[in-house]
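Novice: We have chain C; now place chain D onto it with these hints.
Sequence lines, in order, name chains C and D.
Residue numbering for the first sequence follows my numbering, starting at 27 and increasing by one per position.
Residue numbering for the second sequence follows my numbering, starting at 27 and increasing by one per position.
What the hints contain is simulated information worked out from the structure, not anything from laboratory work.
Please read these numbers as outputs of a predicted model, since none were measured by experiment.
Treat the hints with caution; some may be incorrect.
A pair counts as met if it fits within one copy or between any two copies, since identical chains are not told apart.
[To be verified] Derived DSS-like pairs (lysine-lysine); straight-line CA-CA distance at most 27 Å: (1) 87 - 218; (2) 87 - 124; (3) 124 - 220; (4) 222 - 87; (5) 222 - 191; (6) 206 - 119; (7) 124 - 206; (8) 87 - 191; (9) 138 - 205.
2 protein chains.
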Amino acid sequence: MQPRHFGLAVPPATGLCSQRTNDIILGMTEDGVKEKTQSNVYKAFIGEAKAYFRLLAYAEKAEEEEMPQIAHLFRAIAEAERVHATRHMGLMKEIVVKDTDTNLELSFQREKSISENAYPNFLSDAEQEGETTAALAFSQARDAESYHAKLYERAIMNLLKNKVKAYHVCQVCGYVTDKKQPAKCPVCGAPKEKFKSIAGE
Amino acid sequence: MQPRHFGLAVPPATGLCSQRTNDIILGMTEDGVKEKTQSNVYKAFIGEAKAYFRLLAYAEKAEEEEMPQIAHLFRAIAEAERVHATRHMGLMKEIVVKDTDTNLELSFQREKSISENAYPNFLSDAEQEGETTAALAFSQARDAESYHAKLYERAIMNLLKNKVKAYHVCQVCGYVTDKKQPAKCPVCGAPKEKFKSIAGE
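Only chain C is shown next, with the shape it has when bound in the complex (with noise of 0.2 Å):
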């Protein structure tokens, strides 16, 4: 199987970028669907992607602020924003579920890709325009994404399989280890009181 690109990065011709109407016969897009729906089911996409994302950190907030309904709430309406973005990326053709060993296969070109290709030229471009921030967030983000390529070999070669563990997450860099939580992550040096495990059944 081959390595895939960083997939779902470069929006679709959406109608939005002149450019891009060469590619479209007819207002019909490569991918069958007409051009105006395409768009909208990107921009529909995104903007329920974003919810999920913001709303998870509101309810976190209104936990920190002892409302626990509120933020019980915020986490309901968080998942039926997934439950939308999930149909929208089914449309756009980007959820394409197959067979389980396919999936591990295809996770772990996409990481190994967005390792090695995709965050490199991320981090050197911010490098170049002084962007010290996003530089940082790129440049640990490029090394979470080789460990978790690491996780999904040792997934494919069986080593995993029936053996059910804790993983443990840092939730400064998305480090992700199945071994003993660490006292520091080894990516971004978040202490371990940063770490969320994510228990088996």
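Specialist: Frame of chain C; chain D shown alone:
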């Protein structure tokens, strides 16, 4: 507070669309972030958001295939991609977490705006283009968002504070209720088995 547009639906000036370069002076965007980096942050957000929703779909598939450990791995890495997406959104200045009362008000205004403006426009385009699958998704999302607005409105009126209830979220159309779980979704007609209950603390 003024209603806000579907905010994140329209990509920011990214350099992909030449007609937007008039907005950009000396490679600096209106947010004060250099142009290439702003575009890269946006692309990185989209890539991470899509990875997040895709991995959750892969986790469900792995569960169906009775591979709980792989499902668990997909969920843990999804959580890491959520961390990345949220961090990139912060760089886009899209997550501005204020106090909970303000967050509720903003969420109410956003839901009103997307159910009364964005989705009706998307629906009208889809109907004109004969895209019936997208039209149904937009129509049901519009109705679900309008129910979300009502839930926020009640929260703002203090009817929810300090009462912990279960919310029921339709996994087909994103309808949410804090009442008894309906036998059939009032928006899309899905049976009660399609509801996910989000329990309080």
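Novice: When no copy is named, should residue 87 and residue 218 be tagged within, between, both, or neither for a Cα gap of at most 27 Å?
Specialist: Within one copy only: 21 Å inside a chain, 32 Å across chains, cut-off 27 Å.
Novice: Pop the pair residue 222 and residue 191 into one bin, within, between, both or neither, using alpha-carbon distances up to 27 Å.
Specialist: Classified as both; 14 Å inside a copy, 25 Å across copies.
Novice: Regarding residue 87 and residue 124, is the shortest C-alpha distance of 27 Å or less found within a copy, between copies, in both, or in neither?
Specialist: Classified as between; 8 Å across copies, 37 Å inside a copy.
Novice: Indicate which option fits the pair residue 222, residue 87 if close means a Cα-Cα distance not exceeding 27 Å: within, between, both or neither.
Specialist: both (17 Å within a copy, 24 Å between copies)
Novice: Is it within, between, both, or neither for residue 124 and residue 206, if the alpha carbons may be no more than 27 Å apart?
Specialist: neither (32 Å within a copy, 35 Å between copies)
Novice: How would you classify residue 138 and residue 205 at a CA-CA limit of 27 Å: within, between, both, or neither?
Specialist: within (21 Å within a copy, 46 Å between copies)
Novice: Have a look at residue 87 and residue 191 and pick one of within, between, both or neither, based on CA distance no larger than 27 Å.
Specialist: between (30 Å within a copy, 19 Å between copies)
Novice: At most 27 Å between alpha carbons: which applies to residue 124 and residue 220, within, between, both or neither?
Specialist: For residue 124 and residue 220, the Cα distance is within 27 Å only across copies (22 Å; inside one copy 34 Å).
Novice: When Cα atoms must be at most 27 Å apart, do residue 206 and residue 119 count as within-copy, between-copy, both, or neither?
Specialist: neither (38 Å within a copy, 35 Å between copies)
Taken one by one, the earlier hints fail for this structure at numbers 6, 7, listed in ascending order.
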